[in-house]
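Student: The lines below spell out each chain.
2 protein chains.
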Amino acid sequence: MKHHEELLIKSVLDSWFNHISRIDNLLDTLTDEELHMEVAPGRNRGTYLIGHLTAVHDRMLPLLGFEDHHHPHLDEIFITSADKEKDMPPAAELRKYWKDVNDTLANHFKSQQPEEWLQRHTAVSEEDFAKEPHRNKMNVLVSRTTHLAYHFGQLIFLDHKRHD
Amino acid sequence: MKHHEELLIKSVLDSWFNHISRIDNLLDTLTDEELHMEVAPGRNRGTYLIGHLTAVHDRMLPLLGFEDHHHPHLDEIFITSADKEKDMPPAAELRKYWKDVNDTLANHFKSQQPEEWLQRHTAVSEEDFAKEPHRNKMNVLVSRTTHLAYHFGQLIFLDHKRHD
Numbered sequence: 023m024k025h026h027e028e029l030l031i032k033s034v035l036d037s038w039f040n041h042i043s044r045i046d047n048l049l050d051t052l053t054d055e056e057l058h059m060e061v062a063p064g065r066n067r068g069t070y071l072i073g074h075l076t077a078v079h080d081r082m083l084p085l086l087g088f089e090d091h092h093h094p095h096l097d098e099i100f101i102t103s104a105d106k107e108k109d110m111p112p113a114a115e116l117r118k119y120w121k122d123v124n125d126t127l128a129n130h131f132k133s134q135q136p137e138e139w140l141q142r143h144t145a146v147s148e149e150d151f152a153k154e155p156h157r158n159k160m161n162v163l164v165s166r167t168t169h170l171a172y173h174f175g176q177l178i179f180l181d182h183k184r185h186d
Numbered sequence: 023m024k025h026h027e028e029l030l031i032k033s034v035l036d037s038w039f040n041h042i043s044r045i046d047n048l049l050d051t052l053t054d055e056e057l058h059m060e061v062a063p064g065r066n067r068g069t070y071l072i073g074h075l076t077a078v079h080d081r082m083l084p085l086l087g088f089e090d091h092h093h094p095h096l097d098e099i100f101i102t103s104a105d106k107e108k109d110m111p112p113a114a115e116l117r118k119y120w121k122d123v124n125d126t127l128a129n130h131f132k133s134q135q136p137e138e139w140l141q142r143h144t145a146v147s148e149e150d151f152a153k154e155p156h157r158n159k160m161n162v163l164v165s166r167t168t169h170l171a172y173h174f175g176q177l178i179f180l181d182h183k184r185h186d
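Protein chains in written order, with my numbering: chain A, 23 to 186; chain B, 23 to 186.
Just so you know, nobody snuck in bad clues.
Identical chains blur together in the list; that is why a pair holds if it fits in one copy or across any two.
No more than 35 Å apart at the CA atoms, straight line, and that leaves these computed lysine-lysine pairs for DSBU-like:
| # | residue 1 | residue 2 |
| --- | --- | --- |
| 1 | K108 | K118 |
| 2 | K183 | K106 |
| 3 | K106 | K118 |
| 4 | K132 | K118 |
| 5 | K32 | K183 |
| 6 | K106 | K121 |
| 7 | K132 | K121 |
| 8 | K108 | K121 |
Hints in this document: simulated from the structure, not taken from any laboratory.
My request is simple: use the sequences and hints to build the entire structure.
Tutor: Dropping the structure here:
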């Protein structure tokens, strides 16, 4: 039933938006200097994790067939390189990219029809998709939502008032 | 289409099992002593996080209408109390609980029909569920999968050979 599909899709979308909003709230409580600290000794800095999430989310734009990505220069800094290997844009700039990319995705998500979420993403060929129909857009969203939660679990260590 | 529902459910189940398996692999690389360390200075110990995840997963057994939970004594130690507030079972014991609970859930998950995932979970009344049909079992699974990913992002800091 289409109703059932919509309910299943809603659970994942709600979870995505919930995590974006939790990170937005965390970013609001942190100064640029605090965000630029390592989340734990010797680990990634908050700015790197925000840049990494932004770059990964930006790549979702073409991957889901929405539009070209907005900030391709972030890939080399935040996906193919580890933290401290490359110079990165200032925290204030990263905050803008983060918001731009997630707002753009949100607009596309809101206009997707349930059946569109079941279509193939652009990294799988039509031939492979015929054999592996689970390689659809919703599968990308599930995977990126857990990726977001994974790094949120690390970013939260920058909030020294919280302990979980 | 039922086929579509199955594909959507598969994406979430795959993600659940993938994260369980990543934590299993991490546990295999850690000694009990290593697992009993704080994941970052002043933060939860690995044993606490495994106990916490185990207790939360154990509560999914009644929440999803499968069966009574197996280890209710874990709730007070790992859900209602923070780390270091209560004595906890030894790491070797926690590893057994972790496996027992996740294996039990896996067996139930594998026998669920797509339409069963759309049924209400036991924490919502029939009246409320009629108005809020997204409060279904799949919604619980999505939420617990991101919860698992969140804490996995923290547990991975115990693996000092990895940096992500």
